[in-house]
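*Asks:* One-letter residues, chain by chain:
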Amino acid sequence: MDVFSDPLNRDVYITGFLWILKLTLAGGVGALVLGVVLAAMRVSPIPVLRGFGTAWVNIFRNTPLTLIIFFCYFGLFSTLGLSLADDIDLNNFWLGVIGVSVYTAAFVCEAIRSGINTVPPGQAEAARAIGMTFLQTLTIVILPQAGRAVIAPLGSILIALCKNTTIVGTIGLMESSSAMKQLINENGDNVIPIFLVFAGTFALVLIPTGYAFGWLANRLAVKR
Amino acid sequence: MSDEALIVLDKVNKWFGPLHVLDNVSLSVAKGEVVVVIGPSGSGKSTLCRSINRLEPINDGTITFDGQPLPAEGRPLARLRSEVGMVFQSFNLFAHKTILQNVMLGPVKVRKEKPAVVRDRAMSLLDRVGIGNQAEKYPAQLSGGQQQRVAIARALAMQPKAMLFDEPTSALDPEMVGEVLEVMTSLAKEGMTMVVVTHEMGFARHAANRVVFMADGQLVESAPPAEFFANPKSDRAKDFLSKILTH
Numbered sequence: 001m002d003v004f005s006d007p008l009n010r011d012v013y014i015t016g017f018l019w020i021l022k023l024t025l026a027g028g029v030g031a032l033v034l035g036v037v038l039a040a041m042r043v044s045p046i047p048v049l050r051g052f053g054t055a056w057v058n059i060f061r062n063t064p065l066t067l068i069i070f071f072c073y074f075g076l077f078s079t080l081g082l083s084l085a086d087d088i089d090l091n092n093f094w095l096g097v098i099g100v101s102v103y104t105a106a107f108v109c110e111a112i113r114s115g116i117n118t119v120p121p122g123q124a125e126a127a128r129a130i131g132m133t134f135l136q137t138l139t140i141v142i143l144p145q146a147g148r149a150v151i152a153p154l155g156s157i158l159i160a161l162c163k164n165t166t167i168v169g170t171i172g173l174m175e176s177s178s179a180m181k182q183l184i185n186e187n188g189d190n191v192i193p194i195f196l197v198f199a200g201t202f203a204l205v206l207i208p209t210g211y212a213f214g215w216l217a218n219r220l221a222v223k224r
Numbered sequence: 001m002s003d004e005a006l007i008v009l010d011k012v013n014k015w016f017g018p019l020h021v022l023d024n025v026s027l028s029v030a031k032g033e034v035v036v037v038i039g040p041s042g043s044g045k046s047t048l049c050r051s052i053n054r055l056e057p058i059n060d061g062t063i064t065f066d067g068q069p070l071p072a073e074g075r076p077l078a079r080l081r082s083e084v085g086m087v088f089q090s091f092n093l094f095a096h097k098t099i100l101q102n103v104m105l106g107p108v109k110v111r112k113e114k115p116a117v118v119r120d121r122a123m124s125l126l127d128r129v130g131i132g133n134q135a136e137k138y139p140a141q142l143s144g145g146q147q148q149r150v151a152i153a154r155a156l157a158m159q160p161k162a163m164l165f166d167e168p169t170s171a172l173d174p175e176m177v178g179e180v181l182e183v184m185t186s187l188a189k190e191g192m193t194m195v196v197v198t199h200e201m202g203f204a205r206h207a208a209n210r211v212v213f214m215a216d217g218q219l220v221e222s223a224p225p226a227e228f229f230a231n232p233k234s235d236r237a238k239d240f241l242s243k244i245l246t247h
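Line by line, the protein sequences are chains X and H.
At position 187 of the first sequence (counting the first as 1) the number is 187 in the UniProt record's numbering, and the numbers step up by one without a gap.
At position 82 of the second sequence (counting the first as 1) the number is 82 in the UniProt record's numbering, and the numbers step up by one without a gap.
Careful, some of the hints might be misleading.
Unchecked claim - Okay, derived cross-link-like pairs now, DSS-like style, lysine-lysine, Cα gap no bigger than 27 Å in a straight line: (1) X:Lys181 with X:Lys163; (2) H:Lys233 with X:Lys223; (3) H:Lys161 with H:Lys11; (4) H:Lys31 with H:Lys161; (5) H:Lys97 with H:Lys137; (6) H:Lys114 with H:Lys137; (7) H:Lys233 with H:Lys243; (8) H:Lys97 with X:Lys223; (9) X:Lys223 with H:Lys243.
Said to hold, decoys possible - Sample of chain X residues at the chain H side, in silico, Cβ under 10 Å: (10) Pro45; (11) Glu125; (12) Met132.
FYI, nobody ran anything at the bench for these hints, they're computed from the structure.
Glycine residues also receive a C-beta, built at the ideal position from the N, C-alpha and C atoms.
Hey, can you work out the whole structure from these sequences and the hints?
*Replies:* This is how it looks when you write it as structure tokens:
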């Protein structure tokens, strides 16, 4: 384990996981906001919005994340000149956040939509009967109940998102999987320990995350 | 009760596919009148009740509320609905909100009234229906009868011009029917305009100004309760009454 006693190597390890953490937080917020908006579109009475939501889900749920991240870099940045920060790492980070968000939003949308189906139709009728508009009915009555019904699946999506962020390494961000590759290249005699430390770090954080979401799902469940 | 009509249905038709659920129904409800709609299941009485605030859109004919034809979708329709209270068979209280929040939600979010003002009104309505001490509980913690009384308070909080009741006691255990009917009777006595779809013949007898009998989507008979129960004119009404009153 003397690989990690070298402060330089430890720095590579820490920086890698900090990028993962930042990508997960920013990507998670982006995907949640986008996913909720998409779900609202998919249940709206306006056909154009419904079509847009459906198209989004079909496109991004069925294309590999690697391709989406590549497109963000080579398409948005290299070809179309979309520069999000002067610092190259920060630029790649935000491109990664965009890619991860649009991809994960498709899954969030479908989870929320299945949650909407768990809310009895009478809830929406009662909301309409006291004079709420479609948007009020959705945001005040339906989505809060739908959201609570899908906390556990949203937890699974967040866990998948966290692991998926390692793909941002392919466009040059030194996140954990790139960090691991570098350490392995420099320390060929310590492949197994390095691998175990990186994999173990993910598991150590994500296992409690899964349980936390399960606990939250129980606590916030709407009693009927 | 005045002579002025509040709710007017004129030659209303509605189909569910090939099923003619409302067949040329015309009905006028005066301000302060209590109309009880009875009839066998599948006769279209719930659909009639739900069409008045356009929870069920109709295919043909006109419905007028307080002199205005029912608006199509959008904000005008939402505004009309806020003036017509509705009580459902399955209560439909907002499951993620407390009892007090359920009652306050409409006035605060739809009418944009000040929460402090609404709170007082909501509490006095809850006291009135006898649930004041349960204000902080959630719907699932209340019995069916209590939930339905909250649903009535929630509708009243909007200070509606009329109240629609769609089989309000049909999902209740027998011992809870009385407490809900009591609230409805006191509302009727205060002069609230009410359209009540129900199987409670006792309520129809003592609280209604008029009983309307429906069968197969048609409005078959309309008469004051004493007259209707003593001398039903149509064969279908006679048949219906003989089935429910002999037991």
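*Asks:* Look at each hint and say if it fits the structure.
*Replies:* Evaluated hints:
1. X:Lys181 with X:Lys163: 16 Å, holds
2. H:Lys233 with X:Lys223: 48 Å, violated
3. H:Lys161 with H:Lys11: 23 Å, holds
4. H:Lys31 with H:Lys161: 9 Å, holds
5. H:Lys97 with H:Lys137: 9 Å, holds
6. H:Lys114 with H:Lys137: 22 Å, holds
7. H:Lys233 with H:Lys243: Holds, at about 16 Å.
8. H:Lys97 with X:Lys223: OK: lysine 97 of chain H and lysine 223 of chain X at ~11 Å, within 27 Å.
9. X:Lys223 with H:Lys243: 39 Å, violated
10. Pro45: Hint holds; proline 45 of chain X Cβ to chain H Cβ min 8 Å, cut 10 Å.
11. Glu125: Where the cut-off is 10 Å and the nearest Cβ of chain H is about 6 Å from glutamate 125 of chain X, the hint holds.
12. Met132: 6 Å, holds
Comparing the model with each numbered hint stated earlier shows that hints 2, 9 do not hold.
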